[in-house]
Amino acid sequence: MAFRPLHDRVLVRRVESEEKTRGGIIIPDTAKEKPQEGEIVAIGSGAKNEKGEITPLDVKAGDRVLFGKWSGTEVKVDGEDLLIMKESDILGIIG
Amino acid sequence: MAFRPLHDRVLVRRVESEEKTRGGIIIPDTAKEKPQEGEIVAIGSGAKNEKGEITPLDVKAGDRVLFGKWSGTEVKVDGEDLLIMKESDILGIIG
Amino acid sequence: MAFRPLHDRVLVRRVESEEKTRGGIIIPDTAKEKPQEGEIVAIGSGAKNEKGEITPLDVKAGDRVLFGKWSGTEVKVDGEDLLIMKESDILGIIG
Amino acid sequence: MAFRPLHDRVLVRRVESEEKTRGGIIIPDTAKEKPQEGEIVAIGSGAKNEKGEITPLDVKAGDRVLFGKWSGTEVKVDGEDLLIMKESDILGIIG
Amino acid sequence: MAFRPLHDRVLVRRVESEEKTRGGIIIPDTAKEKPQEGEIVAIGSGAKNEKGEITPLDVKAGDRVLFGKWSGTEVKVDGEDLLIMKESDILGIIG
Amino acid sequence: MAFRPLHDRVLVRRVESEEKTRGGIIIPDTAKEKPQEGEIVAIGSGAKNEKGEITPLDVKAGDRVLFGKWSGTEVKVDGEDLLIMKESDILGIIG
Amino acid sequence: MAFRPLHDRVLVRRVESEEKTRGGIIIPDTAKEKPQEGEIVAIGSGAKNEKGEITPLDVKAGDRVLFGKWSGTEVKVDGEDLLIMKESDILGIIG
Numbered sequence: 001m002a003f004r005p006l007h008d009r010v011l012v013r014r015v016e017s018e019e020k021t022r023g024g025i026i027i028p029d030t031a032k033e034k035p036q037e038g039e040i041v042a043i044g045s046g047a048k049n050e051k052g053e054i055t056p057l058d059v060k061a062g063d064r065v066l067f068g069k070w071s072g073t074e075v076k077v078d079g080e081d082l083l084i085m086k087e088s089d090i091l092g093i094i095g
Numbered sequence: 096m097a098f099r100p101l102h103d104r105v106l107v108r109r110v111e112s113e114e115k116t117r118g119g120i121i122i123p124d125t126a127k128e129k130p131q132e133g134e135i136v137a138i139g140s141g142a143k144n145e146k147g148e149i150t151p152l153d154v155k156a157g158d159r160v161l162f163g164k165w166s167g168t169e170v171k172v173d174g175e176d177l178l179i180m181k182e183s184d185i186l187g188i189i190g
Numbered sequence: 191m192a193f194r195p196l197h198d199r200v201l202v203r204r205v206e207s208e209e210k211t212r213g214g215i216i217i218p219d220t221a222k223e224k225p226q227e228g229e230i231v232a233i234g235s236g237a238k239n240e241k242g243e244i245t246p247l248d249v250k251a252g253d254r255v256l257f258g259k260w261s262g263t264e265v266k267v268d269g270e271d272l273l274i275m276k277e278s279d280i281l282g283i284i285g
Numbered sequence: 286m287a288f289r290p291l292h293d294r295v296l297v298r299r300v301e302s303e304e305k306t307r308g309g310i311i312i313p314d315t316a317k318e319k320p321q322e323g324e325i326v327a328i329g330s331g332a333k334n335e336k337g338e339i340t341p342l343d344v345k346a347g348d349r350v351l352f353g354k355w356s357g358t359e360v361k362v363d364g365e366d367l368l369i370m371k372e373s374d375i376l377g378i379i380g
Numbered sequence: 381m382a383f384r385p386l387h388d389r390v391l392v393r394r395v396e397s398e399e400k401t402r403g404g405i406i407i408p409d410t411a412k413e414k415p416q417e418g419e420i421v422a423i424g425s426g427a428k429n430e431k432g433e434i435t436p437l438d439v440k441a442g443d444r445v446l447f448g449k450w451s452g453t454e455v456k457v458d459g460e461d462l463l464i465m466k467e468s469d470i471l472g473i474i475g
Numbered sequence: 476m477a478f479r480p481l482h483d484r485v486l487v488r489r490v491e492s493e494e495k496t497r498g499g500i501i502i503p504d505t506a507k508e509k510p511q512e513g514e515i516v517a518i519g520s521g522a523k524n525e526k527g528e529i530t531p532l533d534v535k536a537g538d539r540v541l542f543g544k545w546s547g548t549e550v551k552v553d554g555e556d557l558l559i560m561k562e563s564d565i566l567g568i569i570g
Numbered sequence: 571m572a573f574r575p576l577h578d579r580v581l582v583r584r585v586e587s588e589e590k591t592r593g594g595i596i597i598p599d600t601a602k603e604k605p606q607e608g609e610i611v612a613i614g615s616g617a618k619n620e621k622g623e624i625t626p627l628d629v630k631a632g633d634r635v636l637f638g639k640w641s642g643t644e645v646k647v648d649g650e651d652l653l654i655m656k657e658s659d660i661l662g663i664i665g
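Chains as they are written, first to last, in our numbering: chain D, 1 to 95; chain G, 96 to 190; chain X, 191 to 285; chain C, 286 to 380; chain R, 381 to 475; chain Y, 476 to 570; chain V, 571 to 665.
The shape of chain D in the complex, shown without the other chains:
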């Protein structure tokens, strides 16, 4: 099953950052407030303004990104837990 986000939305797969998993250290609760890392799985065709003009997004499938902990809506696609969020929820691109 494919999923095409609408307009300026992107589909994101959460990635556990090395920072957090190396050595299996348990992250305390406060640390969980920090931005999370993810990989862009699919992107919408772009933001659409009042005139119907479309502005392509600046992230692309495969980009590693950071986004706020509370950003996005959880969605299950082909049995996998992913997130749908707006590009404006993306803080930046890693690498």
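Hints are computed from structural coordinates only; laboratory data are not their basis. Since the model is a prediction, treat every value here as computed from it, not as a measurement. Idealized CB from N, CA, C, for every residue including glycine. Careful: at least some of the hints might be erroneous.
[Said to hold, decoys possible] Simulated coverage check for chain X against chain C, where a stretch passes if three residues somewhere in it have a Cβ under 8 Å from a Cβ of chain C:
{"no.": "1", "segment": "196-205"}
{"no.": "2", "segment": "239-245"}
{"no.": "3", "segment": "251-265"}
Following the hints, complete the assembly by docking chains G, X, C, R, Y and V onto the known chain D.
Below, chains G, X, C, R, Y and V without anything else, positioned relative to chain D:
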């Protein structure tokens, strides 16, 4: 009875996703917060801006879509329970 | 007494839908939250933007429409209870 | 004393509608929430947008109008209790 | 000391209206909610939009105006208690 | 250490007005709500709109201004307590 | 690991100001509300408006800036605690 949504509204028929119904497993309450799947039944003529210009919608009748659990207004058309929502409530298109 | 709604407002006469009245079944309270059916009695000249440009409305007198239960302001015109609402409160057109 | 409302404001004299006064029937409290009838006494020069362009109003002195019960600010002009409100508070024109 | 209001602000001197003071009648508390009368002392150069374009104000020094009871910020200029408010707080011009 | 405010911000040094200090009269608490006097120390290059166009500010270094008591953010520059605020927080220019 | 902030966001490294650290004086809690000093580490390509036009930022990597205490989102890049914030959160540039 036909129903034509106005402007950027769409008429949606809820679809129980396979994920949820296969095997008749009861979904716990928390799972109900997730986006829901539906099929577009009818669409409005498009979003209308301040100048009266119309921008056609990007979804069409027959599209399988995901939308937020709390999106839309319930409406009964020809005895069937459907939802009217704005295109902006649609998260993306499946398939 | 005639009544001309101003700008993007419309005058609506509530219509009890067949759904509800056939057989005189009493509708429980929860059902009352659903959209209601009405008939457009009169319409304003159109939405007026910041530049004074007018965009004609997309509904016309005689249209059967659905609107949210809490939409509009009740008004008595020639002894009849009607509703004044904005066109944007109209969910769609029936038939 | 004359009073010129500024911009898109209008000066309104409340009118007790026949509906209410004929026969001296006392209106119960709930009925008081309904729109009220009034007569336009004076109008501003028009709505002024960000560019300083003026759009003349669509109501004129002498118009009988309906407006929401809670619209406007009470003002006493030459000893008479009147209301100042924005044209957008006017629901429509009677007659 | 002169004071030049910035942009779309005006400097206003409160005026006790004749209505209120003639005969020394004490105004009950509820009456204090009504608009107040004032005289424009000085005006700003005009409203400035996003493009830096200036739209001159429609009131001028010397105008008698009505404004909402809670409008403006109290300021003492040369020992006199005056009010600074935006032109949009002015309801209309008297006389 | 120099400090250049960004965009439409200005750097302001509070000035105790003569009104308050002459004769050493103690100002009661309520009086503290009134606008305060200050001197512009530095200004930003101007307000920047959505198109990146810059509109120069209308105040300049050295201007004596009034601003609301709660306006601005306190900042220490070279050991001196100053305020950074937006030009729109400035009520007007004195003198 | 490099990190490219998206659009009008900037990556900032907190800097303890001399003011605070010289002599090792302990800053009381109230002082912590004041703006903080930082160094721009990386900047986004610019603010993007509704038409997709990009306006480059006015700060650049290496700039010493002041920003509000509560601005930005904490993020760990290559093991270093940094902040991502919007350029509009930057109060001004030092030096």
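Unsatisfied constraints (hint numbers, rising) | Going through the list in order, the structure violates no hint and respects every one.
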